[in-house]
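Since the structure of chain H is already known, use the hints to place chain L on it.
Chain order of the listed sequences is H and L. Heads up, the first sequence is in the numbering used here, so the first residue is 20 and it goes up one at a time. Heads up, the second sequence is in the numbering used here, so the first residue is 11 and it goes up one at a time.
Hints in this document: simulated from the structure, not taken from any laboratory. Take the hints with a grain of salt, since some may be wrong.
Claimed, not checked - Cβ-Cβ distance ranges computed for the label pairs, FRET-style: (1) S70(H) x T89(L): 38 to 44 Å; (2) T72(H) x E76(L): 38 to 44 Å; (3) N78(H) x I49(L): 24 to 30 Å; (4) E76(L) x S70(H): 20 to 26 Å; (5) T89(L) x G103(H): 34 to 40 Å; (6) T15(L) x T57(H): 19 to 25 Å.
For each residue, glycine too, the CB sits at the ideal point set by N, CA and C.
Listed below, chain by chain, are the residues.
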Amino acid sequence: KAGVTQTPRYLIKTRGQQVTLSCSPISGHRSVSWYQQTPGQGLQFLFEYFSETQRNKGNFPGRFSGRQFSNSRSEMNVSTLELGDSALYLCASSLVSGGISSYNEQFFGPGTRLTVL
Amino acid sequence: DAKTTQPTSMDCAEGRAANLPCNHSTISGNEYVYWYRQIHSQGPQYIIHGLKNNETNEMASLIITEDRKSSTLILPHATLRDTAVYYCIVRVAMAGNMLTFGGGTRLMVKP
Chain H
20 KAGVTQTPRY LIKTRGQQVT LSCSPISGHR SVSWYQQTPG QGLQFLFEYF
70 SETQRNKGNF PGRFSGRQFS NSRSEMNVST LELGDSALYL CASSLVSGGI
120 SSYNEQFFGP GTRLTVL
Chain L
11 DAKTTQPTSM DCAEGRAANL PCNHSTISGN EYVYWYRQIH SQGPQYIIHG
61 LKNNETNEMA SLIITEDRKS STLILPHATL RDTAVYYCIV RVAMAGNMLT
111 FGGGTRLMVK P
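Extracted from the complex, chain H is given alone in its bound form:
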């Protein structure tokens, strides 16, 4: 079956602009998580959505927001872009939120590489 898809794959923006990234989870998966990866800070958790509700949120400013639709697709938005927002943004989906079985396995997409000039 199809994996996690993220669009666009590459994006160039300028400081002060806003950006919206999209993630389509694997069919049937209801949890979507977002991560930011930079050379300096590594992989950092942004937030998780499950059944259209934000379940967890990482330590990021309010400029970073997200939402999930009834079909489980998710978007994240970054407003007032800063140079430091340049990063690879990864989306991961899983069947459920939490749990101890392999159903909790998270499947990552290829990411969206955002460059802020």
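Frame of chain H, contents of chain L only:
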């Protein structure tokens, strides 16, 4: 979630076993050990997880010490395609899907 410590990098000869250690001395009783890896330019990939018993799947084996303060991921016959950054993560399974990634171990498999 408990903090983990991993070596920054390791080398392994192709065809040999790769043993990747992870220290998690502050792990609590309800925290699981998860391993993910990230091959260059790709998203992380789940490998295996465990609580206190040793686990094995088609990709790897996970050995957890009796006191649960450390673990070892074993790739039994490493190939060049196993070259990646390997992340050891400790978390409470029921607390949602948030993963806290550390620096990981950069494994280089050499011919």
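We went through each hint and held it up to the structure:
1. S70(H) x T89(L): 38 to 44 Å: About 39 Å separates the Cβ atoms of S70(H) and T89(L), which means 38 to 44 Å holds.
2. T72(H) x E76(L): 38 to 44 Å: Holds - the Cβ-Cβ distance for T72(H) and E76(L), about 39 Å, lies within 38 to 44 Å.
3. N78(H) x I49(L): 24 to 30 Å: holds, 27 Å
4. E76(L) x S70(H): 20 to 26 Å: With a Cβ separation near 39 Å, E76(L) and S70(H) fall outside 20 to 26 Å, so the hint is violated.
5. T89(L) x G103(H): 34 to 40 Å: Cβ of T89(L) to Cβ of G103(H): about 37 Å, so the range 34 to 40 Å holds.
6. T15(L) x T57(H): 19 to 25 Å: Holds, since T15(L) and T57(H) (Cβ atoms, about 21 Å apart) stay within the stated range.
The structure shown violates just one earlier hint, number 4.
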